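Participant: As a plain string of letters, each chain reads:
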Amino acid sequence: MKRARIAWAGAVHNAVEKDGQLELLTPAFAGRRVNFDDVVWLPPLAPVSRPRTILALGLNYADHAKELEFKPPVEPLAFLKGEASLIGHRAFTVRPDGVKFMHYECELAVVMGREAKNVKKATALDFVAGYTVANDYAIRDYLENWYRPNLRVKNRDTCTPLGPWLVDAADIPDPQALALKTTVNGQLTQQGQTNDMIFDVATLIEYFSAFMTLMPGDLILTGTPDGVVDCLPGDVVVTEIDGIGALLNTIASAQMGSGLTSRN
Amino acid sequence: MNTHLAHHWSPSGTVYGTLLNFQREHALWAPRMQESPYKAPPQAPVLYVKTANTFLPSGGLVVLPPGADVLAVGATIGLVMGEPLPGCSRPSLSALAGCVLLNDWCVPHDSYFRPPVKTRCADGLLGVGPALVRMPVALDALQIEVRINGVWKQTVTLADLVRPAAQLLADVGEFMILLPGDVLMLGTDCLEDGGRPLAKAGDTVEISAAGFKPVVHTVAKTLGETA
Numbered sequence: 001m002k003r004a005r006i007a008w009a010g011a012v013h014n015a016v017e018k019d020g021q022l023e024l025l026t027p028a029f030a031g032r033r034v035n036f037d038d039v040v041w042l043p044p045l046a047p048v049s050r051p052r053t054i055l056a057l058g059l060n061y062a063d064h065a066k067e068l069e070f071k072p073p074v075e076p077l078a079f080l081k082g083e084a085s086l087i088g089h090r091a092f093t094v095r096p097d098g099v100k101f102m103h104y105e106c107e108l109a110v111v112m113g114r115e116a117k118n119v120k121k122a123t124a125l126d127f128v129a130g131y132t133v134a135n136d137y138a139i140r141d142y143l144e145n146w147y148r149p150n151l152r153v154k155n156r157d158t159c160t161p162l163g164p165w166l167v168d169a170a171d172i173p174d175p176q177a178l179a180l181k182t183t184v185n186g187q188l189t190q191q192g193q194t195n196d197m198i199f200d201v202a203t204l205i206e207y208f209s210a211f212m213t214l215m216p217g218d219l220i221l222t223g224t225p226d227g228v229v230d231c232l233p234g235d236v237v238v239t240e241i242d243g244i245g246a247l248l249n250t251i252a253s254a255q256m257g258s259g260l261t262s263r264n
Numbered sequence: 001m002n003t004h005l006a007h008h009w010s011p012s013g014t015v016y017g018t019l020l021n022f023q024r025e026h027a028l029w030a031p032r033m034q035e036s037p038y039k040a041p042p043q044a045p046v047l048y049v050k051t052a053n054t055f056l057p058s059g060g061l062v063v064l065p066p067g068a069d070v071l072a073v074g075a076t077i078g079l080v081m082g083e084p085l086p087g088c089s090r091p092s093l094s095a096l097a098g099c100v101l102l103n104d105w106c107v108p109h110d111s112y113f114r115p116p117v118k119t120r121c122a123d124g125l126l127g128v129g130p131a132l133v134r135m136p137v138a139l140d141a142l143q144i145e146v147r148i149n150g151v152w153k154q155t156v157t158l159a160d161l162v163r164p165a166a167q168l169l170a171d172v173g174e175f176m177i178l179l180p181g182d183v184l185m186l187g188t189d190c191l192e193d194g195g196r197p198l199a200k201a202g203d204t205v206e207i208s209a210a211g212f213k214p215v216v217h218t219v220a221k222t223l224g225e226t227a
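The listed protein sequences correspond, in order, to chains A and B.
Counting from 1, one number per residue, gives the positions in the first sequence under our numbering.
Counting from 1, one number per residue, gives the positions in the second sequence under our numbering.
It is worth saying that the hints were derived from the structure and are not from the lab.
All values derive from a computational prediction rather than experimental measurement.
Hints should not be assumed to be uniformly reliable.
Claimed, not checked - Derived pair list, reagent style BS3-like, types lysine-lysine, alpha-carbon separation capped at 25 Å:
(1) A:Lys100 <-> A:Lys181
(2) B:Lys39 <-> A:Lys100
(3) B:Lys153 <-> A:Lys117
(4) A:Lys2 <-> A:Lys18
(5) B:Lys221 <-> A:Lys120
(6) B:Lys213 <-> B:Lys153
(7) B:Lys213 <-> A:Lys117
(8) B:Lys153 <-> B:Lys200
(9) A:Lys71 <-> A:Lys181
(10) B:Lys153 <-> B:Lys221
(11) B:Lys200 <-> B:Lys221
(12) A:Lys181 <-> A:Lys2
(13) A:Lys71 <-> B:Lys200
(14) B:Lys213 <-> B:Lys200
With the hints as constraints, model all of the structure from the sequences given.
Facilitator: Structural data, given as structure tokens:
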């Protein structure tokens, strides 16, 4: 099942994908179908009762580590993000004025489904609710070597698109057998396979849950493969993972104001 | 249900910590800031996240994370964001919901190069004061005292901040939003030797400041085992 969270007709709704449309789960409209173009897509996450933990991985694909001139890490290189940086499918991400290098990162995002503490690798995937696609933008001009990657690079407003779907874990028996790709204005710029992760999903859950209790709705963004390029205002960036979804995002400049328009 | 917890304040948003925001620690680090891997002094505020699994109400046991023998005490004040003032999109001191006394525990670490997930985000590593204190608090004059087993260890003086509260809010607001309920911690000070007060299993640590209820925790090896 592919699940979405959308705004439509003045309210937020849970919906599922049915025959290329969204079928609403809201009781008043249960069964009603709406078109993808007629809704605002939100990050496909149910609200949680405590602040959401959003872990992200750096250098988790050997080719990307090489691209950035780093040796692959011996233990996961993790950092954290705040929920305020998340936006949904078909949204706009702001490129600050005057920056020289802002790039997307197509990532498999793991959404936790059960409380996880001291979970072992063998059973780790049982704790996953589902998977979605994240685009973990970085603005490299702001990199500083203090708690790197620092929050000014990685925790900016609008810079973590997520979606469109939360795909049930049951539908993804092997999260390490998925192809990833990114296109910019239709041109293929990034390609990879989740089986090239240095630390796979199960290993990451074991690693984190050994010292921090993860709760339902917490996220792990699992890193990105080789092939990141600069993106400019107006660029349409689609990060896609086989069987999970294609997450569309448009780069905007800070000055575009309310006149934001996508090329699509 | 534990009734004392039902009345205990807890952060409803993301909690951010600030590194190197006391003049003494900044000065002690200054000679190393040009060296590898840092290569330059930090320009923007250096922040980190304290995840929800770290939130620990005052009065409980803080359990040593796997592999840690001691914890460093981090007495600080957290600014709790309120609704922004009309016409003002950025948080400001006048728009805070209040502030809270916190013990921002960490596993001692001498490298500030990589994000401090294992050292700062293990379960229970944010001791949370029992109540929000409404503004205005005269933050620049505030002193926080640290005692371990009743013995004075440190006095933290908020007059010694590199970025005072208003400036820190403005500089963080330059690159990310702080939503109502989010918490921005002002930073933790070091001792004269650059370290922080350390607590081992069995130690009881009390953080206190005028106008705030104290934050008290006892360090334990495991739940139910204090020494």
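Participant: All hints, please: hold or fail.
Facilitator: Structure-based check of each hint:
Distance hint between A:Lys100 and A:Lys181 is fulfilled; the C-alpha atoms sit about 23 Å from each other, no more than 25 Å. Proximity of B:Lys39 to A:Lys100 is assessed by CA-CA distance (about 20 Å); at most 25 Å being required, the pair is judged to hold. The straight-line distance between the Cα atoms of B:Lys153 and A:Lys117 is roughly 34 Å, outside the 25 Å bound, and the hint therefore fails. Between A:Lys2 and A:Lys18, the direct Cα distance comes to roughly 9 Å. Compliance with the 25 Å bound is thereby established for this hinted pair.
Restraint check for B:Lys221 and A:Lys120: the C-alpha separation of about 22 Å stays at or below 25 Å, so the hint holds. The straight-line distance between the Cα atoms of B:Lys213 and B:Lys153 is roughly 19 Å, inside the 25 Å bound, and the hint therefore holds. Note on B:Lys213 and A:Lys117: the hinted pairing is violated, with a Cα-Cα distance of about 31 Å set against a maximum of 25 Å. Between B:Lys153 and B:Lys200 the CA atoms are separated by roughly 14 Å; this keeps the pair inside 25 Å, and the hint holds.
Taking the CA atoms of A:Lys71 and A:Lys181, the gap is near 23 Å; set against the 25 Å cutoff, the hint holds. Straight-line distance between C-alpha atoms of B:Lys153 and B:Lys221 comes to about 22 Å, which keeps the hinted pair within the 25 Å bound. As the CA atoms of B:Lys200 and B:Lys221 are separated by approximately 9 Å, the hinted pair is consistent with the 25 Å bound. The straight-line distance between the Cα atoms of A:Lys181 and A:Lys2 is roughly 19 Å, inside the 25 Å bound, and the hint therefore holds.
Using a Cα cut-off of 25 Å, the hinted pair A:Lys71 and B:Lys200 is violated, with the two alpha carbons roughly 35 Å apart. Only pairs whose Cα atoms come within 25 Å are accepted, and B:Lys213 paired with B:Lys200 is accepted, the gap being roughly 23 Å.
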